[in-house]
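Undergrad: Below, each chain spelled out in residue letters.
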Amino acid sequence: MMGVCFFTRPSFAIDTYQNPENFLKEAFPNATPQAKILWITKTRGEVARRILGHNFGALRQRYWRNGERTVWILDEIGKMHPITTGILVEGGAIKRIRVLIYRESRGGEVRYPFFTEQFEGATLTKNLKLDRHIDGISGATLSVRALTHLAELALYLHGEAINTP
Amino acid sequence: MPQNLRPFPALTLGLAIALSPMTTALAQEPPSREEMWRTIQAQQKQLQALTKKLAKTTKKAETTEKKVEASEERIEATGAMVEQVREASNAQPGWWQKTQIGGYGELHYNGGDKEEIDFHRFVLFVGHDFTDSIRFFSELELEHSIAGDGKSGEIELEQAYIEIDFSEFHRTTLGLQMIPIGILNETHEPPTFFGVERNPIESNIVPSTWWEGGAKFSGELWEGISYDAMVHSGLETPTTGSSAFKIRNGRNKVSNASASDGAYTGRLRWTALPGVEFGVTGQYQSDLTQGVIDTSATLFEVHTDVRQGPWGLRALFARWDLRGIAPEAIGRDVQQGWYVEPSYRFQTQIGEVGVFTRFNEWDNNAGSNGDTQFQQIDFGFNYWPHEDVVLKLDFQVQDAPAGETEDDRVNLGLGFQF
Chain A
1 MMGVCFFTRP
11 SFAIDTYQNP
21 ENFLKEAFPN
31 ATPQAKILWI
41 TKTRGEVARR
51 ILGHNFGALR
61 QRYWRNGERT
71 VWILDEIGKM
81 HPITTGILVE
91 GGAIKRIRVL
101 IYRESRGGEV
111 RYPFFTEQFE
121 GATLTKNLKL
131 DRHIDGISGA
141 TLSVRALTHL
151 AELALYLHGE
161 AINTP
Chain B
1 MPQNLRPFPA
11 LTLGLAIALS
21 PMTTALAQEP
31 PSREEMWRTI
41 QAQQKQLQAL
51 TKKLAKTTKK
61 AETTEKKVEA
71 SEERIEATGA
81 MVEQVREASN
91 AQPGWWQKTQ
101 IGGYGELHYN
111 GGDKEEIDFH
121 RFVLFVGHDF
131 TDSIRFFSEL
141 ELEHSIAGDG
151 KSGEIELEQA
161 YIEIDFSEFH
171 RTTLGLQMIP
181 IGILNETHEP
191 PTFFGVERNP
201 IESNIVPSTW
211 WEGGAKFSGE
221 LWEGISYDAM
231 VHSGLETPTT
241 GSSAFKIRNG
251 RNKVSNASAS
261 DGAYTGRLRW
271 TALPGVEFGV
281 TGQYQSDLTQ
291 GVIDTSATLF
301 EVHTDVRQGP
311 WGLRALFARW
321 DLRGIAPEAI
331 GRDVQQGWYV
341 EPSYRFQTQI
351 GEVGVFTRFN
361 EWDNNAGSNG
371 DTQFQQIDFG
381 FNYWPHEDVV
391 LKLDFQVQDA
401 PAGETEDDRV
411 NLGLGFQF
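In order, the protein sequence lines correspond to chains A and B. So for the first sequence, the working numbering puts the first residue at 1; every next one is plus one. So for the second sequence, the working numbering puts the first residue at 1; every next one is plus one.
Just chain B, with the same shape it has in the complex:
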């Protein structure tokens, strides 16, 4: 073997290894014309099959689109039919579409100086719309569950009036209706105020709930400023005994009530800031005794009711001035009171909770020189599991003048409105 060939085998081996794929490929023979023809034919068949499938799918899609269009037409027709039926039934309104029912109720437990459980009020509202501008509203109340001879309850018609809108901003109200005064007199459903019982100023000085028979004009003077002007039946207070000239005892409730001496009430309300109300009311009673002892009287009341976010504040002052020797003699020529009630509300997972405290002072004998003033502090909370349902717990601590009974209590209440 020639000597110059010896490195050559290694190089040859290396090259052979490196080039082996290429050589393998080069070792495959190119397909013959027959093989190529068979491959093309097979691919042609596949192409034809796919084209057929595509045509089928396209047709299916077209059919589906047509079906969807047809369904949409049917749904549209059904929807239109449903609405037509609804409109037809609304066009011939049954009595239930123009008559409304509502109401409220409250159950009280009073403990402490007074131990009592009582379904204090059950109230039904019935309203009816005669036209868009003439409507009827009524309020019927059952107090203390059972009315009748010897029973502690009463059935009372508290409101029954016709209201007529005579322009965009003004209306007149004729019949039995609430006096436009105070905070609670017109809005006293249980979920709307704190404390189980209504505050003592809006019981003893503003004798809520206070309604009379008469005619009222109300409306808006400007954005957020409204007025009420009412002429109505007057109070008839006793003139003898321990309740002589006491305001709350003067309510006749328009029940065979004396109508010899009427009264006039005017109110202005400002509500131009959301959540804030200021109200001022003036009243003139031509004769508080309806002819027994000529005693005219005037009432002045001013209040604010504020709710800003979670904070609330109510404050009210009311004062009666009676003109006559008889009330002066027993110190009832001035009767007045006031309260202030801050509160705070917050939402929880299970409803809204509110806490409050109220400081009250009132005196139905403010005209006398002696100590005849009552003071009361209330504090407690409301829990609203729903906006229209409330559970209440509060404590009241009273400071009565000498000779009077103090009434300290724990109160539990359940209230609702609908």
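Just chain A, same shape as in the assembly:
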């Protein structure tokens, strides 16, 4: 325990690869719209549960919308810790996905564009799965799985949000 005390942690937030505010600014270059709320009703909750493999856990989900474009900031556990992810959906397809905060000790390669580019253009099939296979990085299988589920969830919630007046 004494040995541990010698390592003082710097004050900047480590493992935050992109600020959620910056992700929103990139998604809405003109001006970030005000956040809206999507209620996770019984049906939506059941579908979310099917996609994630566990309960969604929130009653309401915040999102940002401009026309056919929506942005979602979602969390999902990789091996043991949540991964905070920003997902931009437009016209029913993923336009951009970014790992914003990564807390696992392995598998951080999922934050690089060479990995997340695979999601661009992905749509949701009627089985609630992505329309393509995402090649996993060795040693990061659980992180890859978490991001895949979040992409599927964002596409589903996008569909629900667009149809809500």
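One thing to keep in mind: the hints can contain errors.
[What the hints assert, rightly or not] Here's a subset of chain A near chain B, in silico, CB distances under 8 Å, partners left out:
id : residue
1  : P20
2  : R50
3  : L52
4  : R65
5  : M80
6  : S105
7  : Y112
8  : F115
9  : Q118
10 : I137
[What the hints assert, rightly or not] Computed list of lysine to any residue pairs in SDA-like fashion (alpha-carbon distance at most 25 Å, straight line):
id : chain 1 : residue 1 : chain 2 : residue 2
11 : B       : K151      : B       : N110
12 : A       : K95       : B       : G309
13 : B       : K253      : A       : G139
14 : A       : K36       : B       : G79
15 : B       : K67       : A       : G139
16 : B       : K98       : A       : T141
17 : A       : K42       : B       : E83
18 : A       : K95       : A       : R44
19 : A       : K129      : A       : A58
Note that these hints are calculated values from the structure, not bench results. By construction, the Cβ of each residue, glycine as well, lies at the ideal position given by its N, Cα and C atoms.
The hints should help you fit chain B onto chain A, whose structure is shown.
TA: This is chain B only, laid out in the frame that chain A set:
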């Protein structure tokens, strides 16, 4: 009757028929002023009744709108309250929010030259986050179901370390931990590999599962290129008997282990293409016998692990060089092996199925001139009803050197992770 009137009746009849509706209408008398007044009055009454109804409906609609607004306010307040309660409980985290439990297990049936059923491993992971950058991780394993004197099982502490992030891309790991080498050594949960048993190269040459006590620095040098540098306890091989200088027999598992002669391991991994990994590891053991007979050794290992769509390919080569007259005398100064494993996976209605084959060659006496090499071919399949659960069936056909026992088997396995 005058003659010029005779065609006239026919024409008159025709005209009469043609004009009869008009004549009927013309026959109806226009309504009298009294009738018109009565009609207007009746219509006036109807209009008044409709106007009243409209006023009522409009009022109803206004009331409903007010009620809906009030309901929405209540729902909004309820939603906000629920979230506040959740946030409050998260602000004072209970131990369960910073401590994680996981694990894996595998049950094996081996038939053929070995007839045995065995719950080979039951493993529990316990992890705890002290802060965002300091965490603890441990792995406790029970092998072969029952441990104790005279029992075939063992309880082992395979990992127990503190990990500290000291910058965005670099961290240090202190304690009991896996050696950064090979494909299976760090990732060996049953749903992650093909074949019931672990491959013979990553048992006999890279003695997986291989852990030591020590300190490791790891991190990322560039996008997709990571490193590990570790200083740790060394192996302690026997120096006499049939297992003299055999690598797998050198694992002390940090159990009252001799620490007179340590070792150093370095690894570079390239993962810049999704689904592709290349790794190369080098290790130096200062004395493989911990002071009995001075024997330094070096290990070189290189591997690739590829997954592209449904296709998979794993290949690994590892070689030990031991320096000393004693190992040279028995041909154990070189110990090496390699394997290649292509595979193919596809989705079905009831889960994922994968088929594989693997060709293995290894030799723990490669320094001798005789035929001391083992060969083994494995083939079989995995079925994943869920990503974390696997059923395995495979066949292994072994070609052993003269004097050694061949071990041909059919293996059935059940594995899971959580």
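Undergrad: Look at each hint and say if it fits the structure.
TA: How the hints compare with the structure:
no., hint, result
1, P20, "violated (17 Å)"
2, R50, "violated (13 Å)"
3, L52, "violated (13 Å)"
4, R65, "violated (19 Å)"
5, M80, "holds (4 Å)"
6, S105, "holds (6 Å)"
7, Y112, "holds (5 Å)"
8, F115, "holds (5 Å)"
9, Q118, "holds (6 Å)"
10, I137, "holds (5 Å)"
11, B:K151 x B:N110, "holds (19 Å)"
12, A:K95 x B:G309, "holds (22 Å)"
13, B:K253 x A:G139, "holds (23 Å)"
14, A:K36 x B:G79, "holds (14 Å)"
15, B:K67 x A:G139, "violated (55 Å)"
16, B:K98 x A:T141, "holds (22 Å)"
17, A:K42 x B:E83, "holds (17 Å)"
18, A:K95 x A:R44, "holds (23 Å)"
19, A:K129 x A:A58, "holds (22 Å)"
When each numbered hint is compared with the structure, violations occur for hints 1, 2, 3, 4, 15.
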